[in-house]
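*Asks:* Sequence:
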Amino acid sequence: MLQAEKMKALNMGWYTMESFRFVKEWKKYLEEEARIMKDVPGWKVGERVYNFWKVDASGN
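Take 26 as the starting number for the sequence shown in my numbering and just add one per residue.
No wet-lab data here; the hints were simulated from the structure. Since the structure is predicted, the reported quantities are computational estimates derived from the model, not experimental observations. Please note: incorrect hints may appear among the correct ones.
Claimed, not checked - Once the Cα atoms are required to be at most 27 Å apart in a straight line, the calculated DSSO-like pairs of lysine-lysine come out as:
| # | residue 1 | residue 2 |
| --- | --- | --- |
| 1 | Lys-31 | Lys-52 |
| 2 | Lys-69 | Lys-49 |
| 3 | Lys-69 | Lys-79 |
| 4 | Lys-49 | Lys-33 |
To be verified - Computed beta-carbon distance windows for the label pairs:
| # | residue 1 | residue 2 | range |
| --- | --- | --- | --- |
| 5 | Leu-27 | Asp-81 | 11 to 21 Å |
| 6 | Phe-45 | Gly-71 | 14 to 24 Å |
| 7 | Val-48 | Leu-27 | 30 to 40 Å |
| 8 | Glu-30 | Glu-56 | 12 to 22 Å |
| 9 | Val-74 | Arg-46 | 21 to 31 Å |
| 10 | Gln-28 | Glu-57 | 38 to 48 Å |
| 11 | Gly-71 | Trp-39 | 20 to 30 Å |
For each residue, glycine too, the CB sits at the ideal point set by N, CA and C.
Taking the hints into account, I'd like the entire structure generated from these sequences.
*Replies:* Written as structure tokens, this is what we have:
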């Protein structure tokens with residue numbers, strides 16, 4: 026039982042580290058996007074380039 030609890034704690038720590046790493050990399054990505062697109066009028070950093078929508082089962 027103690028071994029399972031240790032493994033669970035280690036896994037939670039790993040997920041937390043991965044989340045922090047993702048946020049750090051995403052911030053770098055947005056900074057790079059802002060630098061590259063700074064001269065493009067109307068460009069909003071982090072906004073979707075394409076619009077997505079889904080048609081529901083009723084066809085609406």
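*Asks:* Against the structure shown, which of the earlier numbered hints fail to hold, in ascending order?
*Replies:* Hints 1, 5, 8 not satisfied by this model.
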